[in-house]
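Input sequences plus hints: build the corresponding full structure.
Everything in the sequence shown is counted per this note's numbering, starting at 22 for the first residue and increasing by one.
Treat each hint with caution, since some may be false.
[Stated by the list, open to error] 16 Å max Cα-Cα, derived EDC-like pairs, lysine to aspartate or glutamate:
1) 25 / 76
2) 79 / 103
3) 223 / 211
4) 94 / 139
5) 24 / 76
6) 81 / 98
7) 24 / 250
8) 25 / 250
9) 79 / 99
10) 81 / 99
11) 24 / 251
12) 81 / 103
13) 25 / 251
14) 81 / 64
If you're looking for bench data, these hints aren't it; they were derived computationally from the structure.
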Amino acid sequence: MSKKLAGKRALVTGGSRGIGSAIAKRLAADGADVVITYAGNHDAAQATVGAIQGEGVKGKAIQADAGDADAVKRAVDEAAAELGGLDIVVHNAGVFGGTPVDQGGYEDFRRVFAVNVDGVAAGTVAAVPHLADGGRVVIVGSVSGDVSMIPGMASYGASKAAVQGLARGWARDLAPRNILVNVIQPGPIDTDMNPADGDMAKIMLPNIPLGRYGRAEEVAALASFLASDESSFITGTTIDIDGGATA
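Here is the structure:
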């Protein structure tokens, strides 16, 4: 039986660890060739590439700073050249920001937007000429784009709200080519950046009806669904995956 993403060509930004690595591995397990980008952790990137190639598909890692538009464009072009085009682009690269407005924070704001918004925009603009008709763009946002759960997250939340607007506009722009654009909005997910046994979890867990953090593999399953033909009538929307935290 053919895998649902067999023959597809995917780029996952920020794919060396956490949610990005889980997505890259899941797309590969479902049959796609996968190129990932990473900021600086070469060993983690190569470990993810090894897991991708272990699925019997192509895998490669490209170093690129998601906050540098020129580096993002270079990485997209290199990925497309490596794979012979693109069918799936997953924008996962992102950074947290946490400076309360009464403590300043403008530099923090610019840094967060450079990666979480400008990087997504630069990557999509660069990818569109390479994307096959019927392609997919999946943006990993956050429920913080809709709700502010803790102080000091205005920059991060605003950046995740911004990509919602980009996705809705791009969905209309690219609909004539049947390229679908959607946003996944994770809530608390157990990663090294936000571990389920960390200090943040003590604040977050009481607000999650399912009583636990999500797993990166659960987010990856949703990404694979949105990258596949199973999501053929879904575009321009956001999907929360948060254990009911925003219910």
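Hints, verified against the model:
1. In summary, the hint linking residue 25 to residue 76 is supported, as the alpha carbons are separated by about 14 Å, within the 16 Å threshold.
2. Distance check on the hinted pair: residue 79 and residue 103 sit about 9 Å apart at the alpha-carbon level, within 16 Å; holds.
3. Between residue 223 and residue 211, the direct Cα distance comes to roughly 13 Å. Compliance with the 16 Å bound is thereby established for this hinted pair.
4. For a cut-off of 16 Å, the pair hint linking residue 94 to residue 139 stands: about 12 Å separates their Cα positions.
5. Between residue 24 and residue 76 the CA atoms are separated by roughly 11 Å; this keeps the pair inside 16 Å, and the hint holds.
6. Distance hint between residue 81 and residue 98 is fulfilled; the C-alpha atoms sit about 13 Å from each other, no more than 16 Å.
7. Only pairs whose Cα atoms come within 16 Å are accepted, and residue 24 paired with residue 250 is accepted, the gap being roughly 12 Å.
8. A threshold of 16 Å between alpha carbons decides the hint, and for residue 25 with residue 250 the separation of about 8 Å falls inside it, so the pair holds.
9. Straight-line distance between C-alpha atoms of residue 79 and residue 99 comes to about 14 Å, which keeps the hinted pair within the 16 Å bound.
10. A C-alpha spacing of about 10 Å is found between residue 81 and residue 99, which places the hinted pair at or below 16 Å, so the restraint holds.
11. Taken as a hint, the residue 24 and residue 251 pair is honoured in the structure, with Cα atoms around 12 Å apart against an allowance of 16 Å.
12. Distance restraint check for residue 81 and residue 103: the Cα-Cα separation of roughly 8 Å lies within the 16 Å cut-off, and the hinted pair is therefore satisfied.
13. Between residue 25 and residue 251, the direct Cα distance comes to roughly 9 Å. Compliance with the 16 Å bound is thereby established for this hinted pair.
14. For the hint linking residue 81 to residue 64, the alpha-carbon distance of about 13 Å falls within 16 Å, and the restraint holds.
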